[in-house]
Amino acid sequence: MSNQFWMIWPDNVMASALILFVIAMPFLYAARKLVHDLLRSAGHMVGGPLRLGARWLFATAHDMKERNKAVLLAHGREETGQHIEREFERISAMVTRDLEGYPALQRKLLEEITRVEEDYKKCGEVPPPPPEWVEAITAIARIKSDGNEMVQRLLEEIKRSVEGIHAKTLGEYRRAYESRHKILNGFMPFWRSLDKTFGQVDKKLTGLQDTSSKIDAQMEKYEQISKKTDRVEHQLTVSAFTQFAISALVLLIAFGGAVVNFKLIALPFSEMVGAGDYLTATLRMSDVAALVIIFLEATMGLFVMECLRITHLFPLISNMSEQMRRRMLWTALVFLVVFATIEAGLALMRDMLAADKQALIQSLATTQQALPPDPLLRMIPTTAQMVLGFFLPFALAFVAVPLESFIYSLRTVGGSVVVMLVRVAGFLLRVLGNVVRYLCKVLIALYDVTIVLPLLIERVVKASRSGDEESRESRPMKKAA
Amino acid sequence: MVKRLLLALLLALPLLSCTDQRSHSQAVYMLIDTSGTYAQEVGKAQKIINYLLGTLQSGDSLAVARVRTRSFSEKDIIAKVTFDNRPSQANAQKRAFRDQIDVFVKSVGGSAYTDITGGLIQGGMFLKETGSGRKTILIFSDMQEELDKVTIRDFPIDLKDIRVVALNVVKLKTDNVDPRRYMGRLEAWQKRVEKAGASEWIIINDIEHLDRMLQS
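Protein sequences, first through last, are from chains Y and U. Taken in order, the first sequence gives residues 1085 to 1565; the numbers are from this note's numbering. Taken in order, the second sequence gives residues 2 to 217; the numbers are from this note's numbering.
Pulled out of the complex, with its shape left as it was, chain Y reads as follows:
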């Protein structure tokens, strides 16, 4: 009954509500302006800060985008610069290497050309012309014999000796041609050598041309980065996303390797530091010790990569003097080898412990003693574990390369994601602000709908008043007329 106290007409909700509404209507009409003001103020109070927040978020997102762009371009410029530098180094090495041998090559070429020329000249030498007495013989041959036996015999004698001389001269002529053919035949290796030498020169020049075209492409990219074009920004962003995905994948694989490594050394570590000590409720000290060893190995690998200038995570290391850097490289390598050896030992220990536990469980489960396993079968997993234990630290050392890519690309990817999130938050705030603003307008309209009756009366009264005023205004005009 208590919830029916407002009912003017007992047991009739509709009628009671209607009567109350009719009673309240004049008051609602009277308070119309105030309520309108109140709703408008409430709308401004809630919607204003929301819109302001949205504007601030958009501005922040814009600033962040600009900052991200600056960082991205700076990183891209640095990377392209390094690339160009490396290409120049390559060209320099190529030029030094090839031009160093160029004088020798040139000398060889000149020698070969001179020799070919000489040989050619030799080829051009013709056999000596027939002796002058040939003309004399020709004159004798014109003498008419007229059946004179003396002349006949003389001519026959001359013919015989001429034929002999002719055969001799022909033989000499043939020999001369033969020797020239031999000289020409001797050209072949020189031509081949010349062809080979020119081929080498061509290959080197093509390589140089390729490298210079690469430099051209990088230079173009560098210029675009300097001009801060949108195209290059897009290119760099896409490249960063690709790098991020690839490095994340490789790191994931490396994580798998680290887990295997952890499994290899966690149990033997419990033999050293005890299995009953806990760092937290679920984290054993032996597990932590094993993890520390793995992290140390990864760190040493990182230092090795830094010292080899493969990665550039620590400027301090790359700025070190050559001697200091070499010392550090050897120190890190020695540590890595020591850790790898320790791990191999731990892997062996793990195998022994696992075998011991297995034997114990077997003896607890069965009454009769089980046969010892085949030594060869036992040896294979033991050796495999030891080899794994030794080589996994070295494999982990290479994590530094994807780690560097991951860290650098994370800045771009993370920045883009944050900008996107800020924009989404700004958009939501703006939508919310508009919703509040229009909600207030809807409420004002709804309020007017509830008091539509007094508003109609007001309109009628106003209309009649304006009619009276118009008639009052027209009356003096008529009088004046």
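Among the hints, a few may not be true.
[Unchecked claim] Below, a list of computed lysine to any residue pairs in the SDA-like style, where the Cα atoms sit at most 20 Å apart:
| id | chain 1 | residue 1 | chain 2 | residue 2 |
| --- | --- | --- | --- | --- |
| 1 | U | Lys48 | Y | Thr1295 |
| 2 | Y | Lys1441 | U | Val82 |
| 3 | Y | Lys1441 | U | Asp212 |
| 4 | Y | Lys1347 | U | Asp212 |
| 5 | U | Lys45 | Y | Ile1445 |
| 6 | Y | Lys1441 | U | Ser89 |
| 7 | U | Lys48 | Y | Ser1447 |
| 8 | Y | Lys1441 | U | Thr83 |
| 9 | Y | Lys1441 | U | Gly55 |
| 10 | Y | Lys1441 | U | Asn92 |
| 11 | Y | Lys1441 | U | Arg87 |
| 12 | Y | Lys1441 | U | Ile49 |
| 13 | Y | Lys1441 | U | Gln101 |
| 14 | Y | Lys1441 | U | Asp207 |
| 15 | U | Lys161 | U | His25 |
| 16 | U | Lys45 | Y | Ser1447 |
| 17 | Y | Lys1288 | Y | Leu1278 |
| 18 | Y | Lys1441 | U | Gln94 |
| 19 | Y | Lys1192 | Y | Phe1271 |
| 20 | U | Lys107 | Y | Ser1447 |
| 21 | Y | Lys1441 | U | Tyr52 |
[Unchecked claim] Cβ pair distances, simulated, as ranges:
| id | chain 1 | residue 1 | chain 2 | residue 2 | range |
| --- | --- | --- | --- | --- | --- |
| 22 | Y | Val1344 | U | Lys45 | 33 to 43 Å |
| 23 | U | Ala40 | Y | Leu1380 | 41 to 51 Å |
| 24 | U | Lys45 | Y | Thr1383 | 51 to 61 Å |
The hints are simulated quantities; they were obtained by calculation from the structure and are not laboratory data. Quantities reported herein were computed from a predicted structural model and do not represent experimental measurements. We put the CB at the ideal spot given by N, CA and C, even for glycine.
Chain Y is already provided as a structure; the job is to place chain U on it using the hints.
Coordinates of chain U only, in the frame set by chain Y:
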């Protein structure tokens, strides 16, 4: 550079010393009923002990005691051990423990009465001494307590924070006649154990369920 490194190491030392001081080990006290015909079930008890030896880790404690006419005595503890922190030593201890149990199983004889309460009091005291994080009493018995006229056990006992597990609670001939006796017996034990402050009361007749219980 080296100075900075040393300073960082010095700062990291307190962090390393902040180990979790709570005990993460568990202690198990197993009572084996050797009274009357139940002594024949000792082979099953041996399997459970072997299972426990295979399950318990370094730092855990295990004690096996028998339930006889009067069981509130250290002499009734057949074997007890706290496993070494080094797994290899713990394995050696487990082998020695198993040998002790083997000897007991071969020489076990039935007793006239069954003093489960005395064994529980003794077990509770042992477990508190170990200071383990999880304490469990396993009662391998039909839970039919029979005391001689002199032995007094009708007083409140203290089993605070101890989990009590009744194993292999076989049905007696009289239980087959009237199953309410069996239910009533278990209910009475549950009330008594819970009144003593035990954290849990569990009945396990299928030994395979013991695995889940110990891991929880």
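Tested hints:
Of the supplied pair hints, the one linking Lys48 (chain U) and Thr1295 (chain Y) is violated, its CA atoms being roughly 77 Å apart against a limit of 20 Å. For the proposed pair Lys1441 (chain Y) and Val82 (chain U), the alpha carbon gap of about 18 Å is at most 20 Å, so the pair holds. This hinted pair checks out: Lys1441 (chain Y) and Asp212 (chain U) have alpha carbons roughly 18 Å apart, not beyond 20 Å. This hinted pair does not check out: Lys1347 (chain Y) and Asp212 (chain U) have alpha carbons roughly 24 Å apart, beyond 20 Å.
Under the criterion of a C-alpha separation no larger than 20 Å, the hint pairing Lys45 (chain U) with Ile1445 (chain Y) is consistent with the structure, at around 17 Å. For the given pair, Lys1441 (chain Y) sits about 8 Å from Ser89 (chain U) by alpha-carbon distance, which is consistent with the 20 Å threshold. As the CA atoms of Lys48 (chain U) and Ser1447 (chain Y) are separated by approximately 12 Å, the hinted pair is consistent with the 20 Å bound. Proximity of Lys1441 (chain Y) to Thr83 (chain U) is assessed by CA-CA distance (about 17 Å); at most 20 Å being required, the pair is judged to hold.
Among the hinted pairs, Lys1441 (chain Y) with Gly55 (chain U) is consistent with the structure: their alpha-carbon atoms are about 9 Å apart, no more than 20 Å. Restraint check for Lys1441 (chain Y) and Asn92 (chain U): satisfied, since their Cα atoms lie roughly 7 Å apart, inside the 20 Å limit. Proposed proximity of Lys1441 (chain Y) and Arg87 (chain U) is supported: the alpha carbons are some 12 Å apart, at most 20 Å. A threshold of 20 Å between alpha carbons decides the hint, and for Lys1441 (chain Y) with Ile49 (chain U) the separation of about 18 Å falls inside it, so the pair holds.
The hinted pair formed by Lys1441 (chain Y) and Gln101 (chain U) meets the criterion: a straight-line CA distance of about 19 Å does not exceed 20 Å. The straight-line distance between the Cα atoms of Lys1441 (chain Y) and Asp207 (chain U) is roughly 26 Å, outside the 20 Å bound, and the hint therefore fails. Note on Lys161 (chain U) and His25 (chain U): the hinted pairing holds, with a Cα-Cα distance of about 18 Å set against a maximum of 20 Å. For the given pair, Lys45 (chain U) sits about 16 Å from Ser1447 (chain Y) by alpha-carbon distance, which is consistent with the 20 Å threshold.
Using a Cα cut-off of 20 Å, the hinted pair Lys1288 (chain Y) and Leu1278 (chain Y) holds, with the two alpha carbons roughly 15 Å apart. A threshold of 20 Å between alpha carbons decides the hint, and for Lys1441 (chain Y) with Gln94 (chain U) the separation of about 12 Å falls inside it, so the pair holds. Under the criterion of a C-alpha separation no larger than 20 Å, the hint pairing Lys1192 (chain Y) with Phe1271 (chain Y) is consistent with the structure, at around 15 Å. Distance restraint check for Lys107 (chain U) and Ser1447 (chain Y): the Cα-Cα separation of roughly 18 Å lies within the 20 Å cut-off, and the hinted pair is therefore satisfied.
The suggested pairing of Lys1441 (chain Y) with Tyr52 (chain U) holds, with an alpha-carbon distance near 13 Å, which does not exceed 20 Å. For Val1344 (chain Y) and Lys45 (chain U), the Cβ-Cβ distance of about 41 Å falls inside the hinted range of 33 to 43 Å, so the restraint holds. Judged by the Cβ atoms, the range 41 to 51 Å given for Ala40 (chain U) and Leu1380 (chain Y) is violated: they are separated by roughly 58 Å. Distance hint for Lys45 (chain U) and Thr1383 (chain Y): a CB-CB separation of about 54 Å, consistent with the stated range 51 to 61 Å.
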